[in-house]
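Chemist: Chains as they are written, first to last, in this note's numbering: chain A, 149 to 494; chain B, 149 to 494; chain C, 149 to 494.
None of these hints come from the bench; they were simulated from the model.
Hints are supplied without guarantee of correctness; some may be wrong.
You can't tell identical chains apart in this list, so a pair holds if it fits in one copy or across any two.
To be verified - Below, simulated DSSO-like cross-link-like pairs (lysine-lysine); rule was C-alpha separation at most 27 angstroms, straight line:
(1) LYS482 x LYS290
(2) LYS437 x LYS349
(3) LYS349 x LYS231
(4) LYS282 x LYS305
(5) LYS155 x LYS492
(6) LYS282 x LYS214
(7) LYS176 x LYS231
(8) LYS349 x LYS214
(9) LYS475 x LYS486
(10) LYS299 x LYS287
(11) LYS168 x LYS468
(12) LYS299 x LYS284
(13) LYS287 x LYS349
(14) LYS214 x LYS155
(15) LYS172 x LYS349
(16) LYS287 x LYS173
(17) LYS245 x LYS223
(18) LYS299 x LYS231
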Amino acid sequence: MKRFETKLSTEMIAAIGGGKWQGKKELKLSNVCEIHEANDESIIFCEQDKFIESAAKSPAGLIITKPEFVNNFPKRSLLISEKPYLSLMMIIAYWQKQDAGEGVAFVHPTAIVAESAEIAEDVSIGAYSVIGAKVKIAKGVKIGIGCTIDKDCVIGKNTLLYDNVRLYENTQVGANCIFHSGVVLGADGFGFLLIEEIQQKIPQVGNVIIHDNVEIGANSCIDRATLGSTVVGEGTKIDNLVQIGHNCTIGKHSIICAQVGLAGSTIVGDYVYLAGQVGAAGHITIGSKAMVGAQSGLASSVPEGARYFGTPAMNANLGKRIAVAQKYLPEMLKAYRKELKEKKDD
Amino acid sequence: MKRFETKLSTEMIAAIGGGKWQGKKELKLSNVCEIHEANDESIIFCEQDKFIESAAKSPAGLIITKPEFVNNFPKRSLLISEKPYLSLMMIIAYWQKQDAGEGVAFVHPTAIVAESAEIAEDVSIGAYSVIGAKVKIAKGVKIGIGCTIDKDCVIGKNTLLYDNVRLYENTQVGANCIFHSGVVLGADGFGFLLIEEIQQKIPQVGNVIIHDNVEIGANSCIDRATLGSTVVGEGTKIDNLVQIGHNCTIGKHSIICAQVGLAGSTIVGDYVYLAGQVGAAGHITIGSKAMVGAQSGLASSVPEGARYFGTPAMNANLGKRIAVAQKYLPEMLKAYRKELKEKKDD
Amino acid sequence: MKRFETKLSTEMIAAIGGGKWQGKKELKLSNVCEIHEANDESIIFCEQDKFIESAAKSPAGLIITKPEFVNNFPKRSLLISEKPYLSLMMIIAYWQKQDAGEGVAFVHPTAIVAESAEIAEDVSIGAYSVIGAKVKIAKGVKIGIGCTIDKDCVIGKNTLLYDNVRLYENTQVGANCIFHSGVVLGADGFGFLLIEEIQQKIPQVGNVIIHDNVEIGANSCIDRATLGSTVVGEGTKIDNLVQIGHNCTIGKHSIICAQVGLAGSTIVGDYVYLAGQVGAAGHITIGSKAMVGAQSGLASSVPEGARYFGTPAMNANLGKRIAVAQKYLPEMLKAYRKELKEKKDD
Numbered sequence: 149m150k151r152f153e154t155k156l157s158t159e160m161i162a163a164i165g166g167g168k169w170q171g172k173k174e175l176k177l178s179n180v181c182e183i184h185e186a187n188d189e190s191i192i193f194c195e196q197d198k199f200i201e202s203a204a205k206s207p208a209g210l211i212i213t214k215p216e217f218v219n220n221f222p223k224r225s226l227l228i229s230e231k232p233y234l235s236l237m238m239i240i241a242y243w244q245k246q247d248a249g250e251g252v253a254f255v256h257p258t259a260i261v262a263e264s265a266e267i268a269e270d271v272s273i274g275a276y277s278v279i280g281a282k283v284k285i286a287k288g289v290k291i292g293i294g295c296t297i298d299k300d301c302v303i304g305k306n307t308l309l310y311d312n313v314r315l316y317e318n319t320q321v322g323a324n325c326i327f328h329s330g331v332v333l334g335a336d337g338f339g340f341l342l343i344e345e346i347q348q349k350i351p352q353v354g355n356v357i358i359h360d361n362v363e364i365g366a367n368s369c370i371d372r373a374t375l376g377s378t379v380v381g382e383g384t385k386i387d388n389l390v391q392i393g394h395n396c397t398i399g400k401h402s403i404i405c406a407q408v409g410l411a412g413s414t415i416v417g418d419y420v421y422l423a424g425q426v427g428a429a430g431h432i433t434i435g436s437k438a439m440v441g442a443q444s445g446l447a448s449s450v451p452e453g454a455r456y457f458g459t460p461a462m463n464a465n466l467g468k469r470i471a472v473a474q475k476y477l478p479e480m481l482k483a484y485r486k487e488l489k490e491k492k493d494d
Numbered sequence: 149m150k151r152f153e154t155k156l157s158t159e160m161i162a163a164i165g166g167g168k169w170q171g172k173k174e175l176k177l178s179n180v181c182e183i184h185e186a187n188d189e190s191i192i193f194c195e196q197d198k199f200i201e202s203a204a205k206s207p208a209g210l211i212i213t214k215p216e217f218v219n220n221f222p223k224r225s226l227l228i229s230e231k232p233y234l235s236l237m238m239i240i241a242y243w244q245k246q247d248a249g250e251g252v253a254f255v256h257p258t259a260i261v262a263e264s265a266e267i268a269e270d271v272s273i274g275a276y277s278v279i280g281a282k283v284k285i286a287k288g289v290k291i292g293i294g295c296t297i298d299k300d301c302v303i304g305k306n307t308l309l310y311d312n313v314r315l316y317e318n319t320q321v322g323a324n325c326i327f328h329s330g331v332v333l334g335a336d337g338f339g340f341l342l343i344e345e346i347q348q349k350i351p352q353v354g355n356v357i358i359h360d361n362v363e364i365g366a367n368s369c370i371d372r373a374t375l376g377s378t379v380v381g382e383g384t385k386i387d388n389l390v391q392i393g394h395n396c397t398i399g400k401h402s403i404i405c406a407q408v409g410l411a412g413s414t415i416v417g418d419y420v421y422l423a424g425q426v427g428a429a430g431h432i433t434i435g436s437k438a439m440v441g442a443q444s445g446l447a448s449s450v451p452e453g454a455r456y457f458g459t460p461a462m463n464a465n466l467g468k469r470i471a472v473a474q475k476y477l478p479e480m481l482k483a484y485r486k487e488l489k490e491k492k493d494d
Numbered sequence: 149m150k151r152f153e154t155k156l157s158t159e160m161i162a163a164i165g166g167g168k169w170q171g172k173k174e175l176k177l178s179n180v181c182e183i184h185e186a187n188d189e190s191i192i193f194c195e196q197d198k199f200i201e202s203a204a205k206s207p208a209g210l211i212i213t214k215p216e217f218v219n220n221f222p223k224r225s226l227l228i229s230e231k232p233y234l235s236l237m238m239i240i241a242y243w244q245k246q247d248a249g250e251g252v253a254f255v256h257p258t259a260i261v262a263e264s265a266e267i268a269e270d271v272s273i274g275a276y277s278v279i280g281a282k283v284k285i286a287k288g289v290k291i292g293i294g295c296t297i298d299k300d301c302v303i304g305k306n307t308l309l310y311d312n313v314r315l316y317e318n319t320q321v322g323a324n325c326i327f328h329s330g331v332v333l334g335a336d337g338f339g340f341l342l343i344e345e346i347q348q349k350i351p352q353v354g355n356v357i358i359h360d361n362v363e364i365g366a367n368s369c370i371d372r373a374t375l376g377s378t379v380v381g382e383g384t385k386i387d388n389l390v391q392i393g394h395n396c397t398i399g400k401h402s403i404i405c406a407q408v409g410l411a412g413s414t415i416v417g418d419y420v421y422l423a424g425q426v427g428a429a430g431h432i433t434i435g436s437k438a439m440v441g442a443q444s445g446l447a448s449s450v451p452e453g454a455r456y457f458g459t460p461a462m463n464a465n466l467g468k469r470i471a472v473a474q475k476y477l478p479e480m481l482k483a484y485r486k487e488l489k490e491k492k493d494d
């Protein structure tokens, strides 16, 4: 259950959520939750048949539901919407912002900020965070507890860093990004040359560039480029424990699920979807709007808009037909051997 | 080699380890180790034939061994047990507790604790840790260095957080849990809706609930629920670098090995075993006592007690038969093509 | 673009990079970068045909190129080398060291160092780092911000820890190592015994030993041994988000790519190459100079020098032939079934 501190009028809730109100409007609503957790101040939603009964029995103050379900909830306060879930999410998003309020910006006295750093107004910096030389932090940025922003980094407007985020030297971050705890941007790319039986380190002197509206999940890592930049495009969302190798370039509005790993210099287009635990070889291109199934291994490039699956990955339809067909493989082998024996015996 | 500071009498060692003592009892024993590291104050164990010779030659002060091996160690001090390894582990566990002693609870002066937090007696908080508003920490909890416990979190009795653990807002933790360094609980679930060509963030306002006796390995992540809670049941053990998506529910006493990834809303039963790097799709159910082989990809639900393997995962026996049969696939293809050609030529 | 603060003479650049100089020597060179970023103070390299045109058009101050390309760059300052990329990397490595300079060692006043710790000269310790009792840190070591080095750890000469590295109790680290942010060494191995329906923790009292010249990537984890030690040999390089289980022994000069996971007690030889997302079962041996393809699952040991691929992994040639052959499996199944039906109908 998520309780909000700001009071929202039912008029405002209806306006934000969209749809049509039915029932009494003199309600005190203070939280959102799942059906089984609801109390008389709760907003819940009911979009599927299987939840009608429990929603009807719950004491929830407001049920967001769709027109065809209305008759299941007589005498209840309803917000009737074509997309109840979406309506609820819009209400929550609005309410969160209200709760965050003006967000009194505050640099904690234990934060260490280099003299040469340029910190705009309305910037918050949490306890025990350290901001290096010549760092530039734009208006409205919030930096959590125990973060380190190394020298020459730039962070754009209203970006939010949760606790314990590390930006290595010269990382460039856009506006309205969200980085979760444990994110590491700009560690050295993984490059070595075996010279005289020793793995010699290839210096990694490029950087990481993250464009606007990017979200990066907990403990994910994006390595700095050898030369040039490792780039994540606008609006791309990256889940937890993801590895992006040096010199990768990721396009706009792509979705990269948990534990995906991209080797170096791989290019990912726009609106790409990489499901969980996908691995991609280096120096390949994943075309825009491609969708790659979970755990797939991409050894070579993926065409635009393709649906791929498998290790090594292939057209997803073929991949699925193979997945089905392989169940008959032991039987086929037996038949093949029998035939072989018969031929031999002939 | 692990040295202990507390002195344990040989009587106590015998009592804790179980089994029968043989040889002299006036021994000074101060450490446990592998055979090759042993000195005359060491306790070692010997449970397999291949280690008899090295154990016999080692200067170890005490050898824990099984009845049938006794004759290999004449004139040595022995603890004779049906399960030597287990006996040693029980001795170590007891000794560790003695060494930890009363554990003088201590809140480091650099720890920042919100006024509204309720900290019970005998709580330790390490340097540079930050405890947020209205957090409740029960008796005997130990929090390491550089942890952040955000507002409204609850931590049950005697739970141990190593350094650098992050609990986001409203995370609820039971008693006797162990969280290793880099654990992140309660980061936002990974949920977006593509609206007008933009990945719109679905607000994540649920929380994470961890029941008693759960251990979570280094750098593992458990995301908060969208609504409701992501739950880990009593006694479940989670290894390093594991990803648990939002709204998952994991049962009791399950084992989740390193680098496993569970997508959102997946249900895992009790006594489930997920081997390393397993991936599970969202919204599926893994039945109690199911065992899933390493790297398997679970696209659909797994029955109770089943043994599954493969990507997509299937009955492990079939999976293994396919793994064997596929080695003959290139040969079968060759034969198939030959036959095809012959037919065509007919 | 990487700018350096130290000024290097063109003579020095030529000497470090090797090869033959052509063109004017009165140049001011202050940075290295990719071709498209270059300005008149940049050093770039051109080793492939496809980059000749852009390199020729760029304003770069110096082009490192190979003898057969020289005619493409009339009137330009060139460093002519058989291996332009390698020459550039040698220049960068040298320049980085000059920039780091004598590296005025500095223990930040907020660093907390136990009285019993032995800190050699020329050691740097960053803000908010904590050094435990009886830790020994050798000359020239650099410890970043927010690191914790628990009691009885040892760190060898000139080792570099970036921010937020955690060494648990009694971790032993050699000289000239590099650990990136979020590395956790020495967390408990993952060992439990199901006793009376409860997962009982097996105490983990061994440690982690890292030999000289090892690099470990961001957020990687190496667990302490149950007894004895988990060991990483000299010169081995480990990428980001890697999991090394308890009691593993890894040899010298091996390469372990991102998201690899090794279960407990596995032995890895020298000069082994494990590509990204490889998983290895416990208690197996991966022979020296073995190469294992990405995402492979090693269920059993790998011979010395072998090339393996697949899950379960096998000889890479066979693995690739199967990967090709399986594409015909649905067709083969159809034929098989047709034949079966015909036989039945006979």
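Chemist: Which hint numbers does the structure go against, in order from smallest to largest?
Modeler: 1, 5, 6, 11, 15, 16, 17, 18
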